[in-house]
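Chemist: Start counting the sequence shown at 0; every next residue gets the next number (numbering that gives the first Met the number 0).
Keep in mind that a hint or two might mislead.
[Unchecked claim] Distance condition first, Cα-Cα at most 30 Å in a straight line; then the derived DSS-like pairs of lysine-lysine:
hint, residue 1, residue 2
1, Lys32, Lys95
2, Lys26, Lys95
3, Lys29, Lys95
4, Lys24, Lys95
Honestly, the hints are just simulated from the structure, not real lab data.
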Amino acid sequence: MRFLILHIARLPAAGMALFPFILVKRKAYKEDKVLINHEKIHLVQQLELLLIFFYIIYLVHYVINLARYRSHRMAYLNIVFEREAFHMDADLLYLKRRRLFAWRYFFG
């Protein structure tokens, strides 16, 4: 699966996946295989949840985590989609063998 990678200097994070694009803060990040793989995992998650359900679940999970952890960073890191992406982003072959809705195994 191939996606368009765009450089957006004012991006608030190193990378972001907004289907069908991967956005990166620095041009050099286009070559960061782990970061790009992390964002590709998010694009696959978005596709399997028809985009809108991904964003709804992402936001709800973030708000629940924020109430639980009272920390933006901890709330973000414990969103189920982020848990899968961070756990598997260094495995560059992960998407070839990833099961449908694999993020459900990363509830913690």
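Chemist: Can you confirm whether the C-alpha distance between lysine 29 and lysine 95 stays at or below 30 Å?
Modeler: Satisfied, since the Cα-Cα distance of roughly 21 Å is no more than 30 Å.
Chemist: Hint check: lysine 26 vs lysine 95, CA-CA at most 30 Å. Holds or violated?
Modeler: Holds. Lysine 26 to lysine 95 sits at ~26 Å (cutoff 30 Å).
Chemist: Regarding the pair lysine 24 and lysine 95, is the alpha-carbon distance no greater than 30 Å?
Modeler: 27 Å, holds
Chemist: Hey, lysine 32 versus lysine 95, does the alpha-carbon distance stay inside 30 Å?
Modeler: 15 Å, holds
Violated hints for the displayed structure: none, as all numbered hints are satisfied.
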